[in-house]
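Student: Please assemble the complex out of the two chains, which come individually in their own frames, going by the hints.
If you read the sequences in order, they're chains S and P.
Counting from 0, one number per residue, gives the positions in the first sequence under numbering that gives the first Met the number 0.
Counting from 0, one number per residue, gives the positions in the second sequence under numbering that gives the first Met the number 0.
Below, a sample of chain P positions facing chain S; criterion: calculated Cβ distance under 8 Å:
id : residue
1  : Phe17
2  : Glu18
3  : Gly33
4  : Ile40
Reference excerpt, derived from the structure (chain S facing chain P, CB under 10 Å, subset only):
id : residue
5  : His63
6  : Arg64
7  : Lys65
8  : Lys68
9  : Thr69
10 : Lys130
11 : Asn133
12 : Ala134
13 : Val135
14 : Leu138
Here are the simulated distance ranges between beta carbons:
id : chain 1 : residue 1 : chain 2 : residue 2 : range
15 : P       : Asp25     : S       : Gly154    : 27 to 35 Å
16 : P       : Ser83     : S       : Gly154    : 43 to 51 Å
17 : P       : Glu18     : S       : Tyr56     : 23 to 31 Å
18 : S       : Tyr129    : P       : Glu18     : 21 to 29 Å
19 : S       : Val382    : P       : Val31     : 53 to 61 Å
The hints are simulated quantities; they were obtained by calculation from the structure and are not laboratory data.
Just so you know, even glycine gets a beta-carbon here, dropped at the ideal spot from N, CA and C.
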Amino acid sequence: MDRRVVITGCSAITPIGHTKESIVHGLQAGVSGVKPLKGDDILADVLHSKVFGTIDYEIDYNFHRKFTKTMAPVSFYACKSAEVALKDSGLDDEFIKSGKIGVAFSSTHGSPTLLKTIFGSFASKDKEQYKKLNAVDYLKSMVHTTAVNITKMFGITGRVIASSTACTTSSQSIGYGYEAIRFGRQDAMLCGGADEYDTTTIAVFDNLLACSTKYNDSPELTPRPFDKNRDGLVVGEGSGTVILEEYERAKKRGAKIYGEVIGFACNNNGGDMILPNVNGITRTIELGIEDAKISPDNVDFVSAHATATKMGDVIEAQAIAAVYGDGPQVSGLKGYMGHTMGSCGAIEMILTLYMMEDGFIAPSLNLKEIDERCAMIKHTQEVMDGNIQTAAIQNFAFGGVNTCLLVRKL
Amino acid sequence: MNREDIEKKLLEILIEEFEMEDPGLDDNLREVHGFDSIDAIELLGHIELILGYDLTQEEKKLAMDIKTINDICDYVLNIHEGRS
Chain S
0 MDRRVVITGC
10 SAITPIGHTK
20 ESIVHGLQAG
30 VSGVKPLKGD
40 DILADVLHSK
50 VFGTIDYEID
60 YNFHRKFTKT
70 MAPVSFYACK
80 SAEVALKDSG
90 LDDEFIKSGK
100 IGVAFSSTHG
110 SPTLLKTIFG
120 SFASKDKEQY
130 KKLNAVDYLK
140 SMVHTTAVNI
150 TKMFGITGRV
160 IASSTACTTS
170 SQSIGYGYEA
180 IRFGRQDAML
190 CGGADEYDTT
200 TIAVFDNLLA
210 CSTKYNDSPE
220 LTPRPFDKNR
230 DGLVVGEGSG
240 TVILEEYERA
250 KKRGAKIYGE
260 VIGFACNNNG
270 GDMILPNVNG
280 ITRTIELGIE
290 DAKISPDNVD
300 FVSAHATATK
310 MGDVIEAQAI
320 AAVYGDGPQV
330 SGLKGYMGHT
340 MGSCGAIEMI
350 LTLYMMEDGF
360 IAPSLNLKEI
370 DERCAMIKHT
380 QEVMDGNIQT
390 AAIQNFAFGG
400 VNTCLLVRKL
Chain P
0 MNREDIEKKL
10 LEILIEEFEM
20 EDPGLDDNLR
30 EVHGFDSIDA
40 IELLGHIELI
50 LGYDLTQEEK
60 KLAMDIKTIN
70 DICDYVLNIH
80 EGRS
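The following block holds chain P by itself, in its conformation from the complex (with noise of 0.2 Å):
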């Protein structure tokens, strides 16, 4: 799984399953489209899902500072690498 795969992915589950208007990948998402914490506790269950694995409470908790797509990107990719 690189970088692309896990944007593409996200793209999809924000578009789909957030009903996020034309997000862009450096977009604040609290800002612009009204992401909040209980939007970033569902997310971590889709990033789940995609990398196939739970996650830990402590990894979970890195998440929290998370901004733009991005940085979920950078954040998926990090956990990913770490784990393998």
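With the rest of the complex left out, here is chain S (with noise of 0.2 Å):
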């Protein structure tokens, strides 16, 4: 069995917006969502790096007590994306909670919130500390609580699958949910990833000195994929959700079609676990091309990963152009909210499919000048008027796992 897979449904929160008309409007404009850290009591104070792709605007989520009861702050991001996103895709409560949608969804940590307190509990002294953690901690901060919170809330009974592989968790469950639905095993998933404020993850990326510290009285200059002068990259949180279904199946219903998904790789550079991998990253550019069955020439707009990493963009630049040359425009869309995490590659999913369908391509935020060492590709400095057909979506996370999405505007 090999099926036609589509997206009928999306929903991005973002540090731009969690609409599609705000989400535009930032992009168009080069509005930023990277802000000055909060604090936090813990470790916001001793963190090299003051900057944050922040989410600092209301969100109405008007979620009951039976759903909330076992959410933390990342399940909310998660199951507003997906309710948002379900609605979008018009696919009726029967279907559902008929079985035939499961779900593809993750965090990077589950919910650091919940992790610090029951850390803190441990490291205290008082026996009685122990109390304070509650029956359901372990519900709100375990890897897949987003995943199932969303299955609760929505009612699905499919299949769930929970790929929390930091960087590359929502372009995995993508990736994932599609071969689902292409080998038969599901008519529809529900895909994405989510994460919320965190400074643990920020301590990580800062003491692999990997963060941006240049601009910390100017938030809206980092980070700047590509760009002779970034420093690092921003952490940011955020969530991302897909509806993929079965072409003729949302073919019959009538179902607003935003895109066909064509292909999807996923490899490991089989080593080192932090530094990119020329090889291992050219080599899932490749597989995604072959898994499309098409020409690298078909190819018109590539979402990089670029974090604005010294040595990422670098790799990044020569494998796009080991394979496509300097033919696909190509974006950096981190320059706008920062590293979200876990939920990046489904937000830049959407975020191209909002390009697909409007017909413009946005630029790299914060990308001047570029580095001389990534200039052999086609970058974008300029919003631009373009009938993106075919675009790629990469993302490389820590441990070495590179993903390749290939999406085709129908």
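Tutor: See below:
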């Protein structure tokens, strides 16, 4: 069985907005969602990086306690984007509860907010402290908490995939969701990822000297994908959900189709867990194109992972050049919102779908002076009119995990 | 503390903390209000606050068969009277 898979719904909660209108405005007007780091009484004061891709607007959740009792902040993001994406898809309640739709969704850590509470009780000298642990703290903090809070809220009874692979979490979700439908295991999949405000993630990158620190007084100027003056990544928060559906079914019910997922690849560098690997990344891109059964010439837009680290962007540019030459337009969308970790693949997919639908290409925000080591690919520095027909969304994670998703306009 | 006091406090908790709508004293909490094992554990924490002392593991296990608010009132009253 080899079925076609299309995207019939999507929703992103990002530092530049959570509606298509606000996000497209942000992309076209060059709005940055990177803000000064908020205090947290634990790590914020000692971190060198003082910036964060922040969601600082109100979101109307309106969730009943029977759902919120097992939800940490990350699941609020996840369930909200899932709710909006499901509504956008037009799937009816009977189908959603039929077992024919599953969920592929996760986050980097589960909920760091809850984990801090749990570890705080361990660290306490007070033996009574354990009583402050709530019976549901595990349900709120476990790695697959977002996926199962979504299944509970919407009564979804199909398969659950919770691929928690840091920065490739949600691109894997989409990829494995795509394969589940393509090979006939499910007729639809709700896919994505989310991550909440968290300073421990910053601390990890901060200690690796991978975080941006030069722009603490001007957060909107960082991160700077492919720019000569980039100085590292900016951690952010967010959520992205796409609804994947078997093509014939979507067509029959007259669903709006954002695009067709035509290929997915995932591999591992098989070595260093931190350093990017040009061979591994190049091979992922090649495998994605092979899976899509297209030529590299068919790809006219690449959403680069482009975290704005010193070496990561150079290696990625080399890999893009090796496969595509200077054919496709390339943008690093993290310039707008930082690295939203487990949600970045889904968010970047959704931003690409919005550009595809509205006929424009957003530039890499803050790319003013191209690093000459990255100059062999076709960078996007201004908002362009552009009729994207086929796009690649690529993401890479600690542990040497690489993904490439190919999506085509129908 | 008499049964009326306990009932009043329980209703306050179930409406305000558990967002229960129009709870009836003989409603099957699971069937009518979706009250589940997670809620039961959380409610025991509130009951400890009402009583002013910690429940033993054995006392907590006795609560697992409770179905209605009247059952909870009986449970709390029995423990209160047993201890005093």
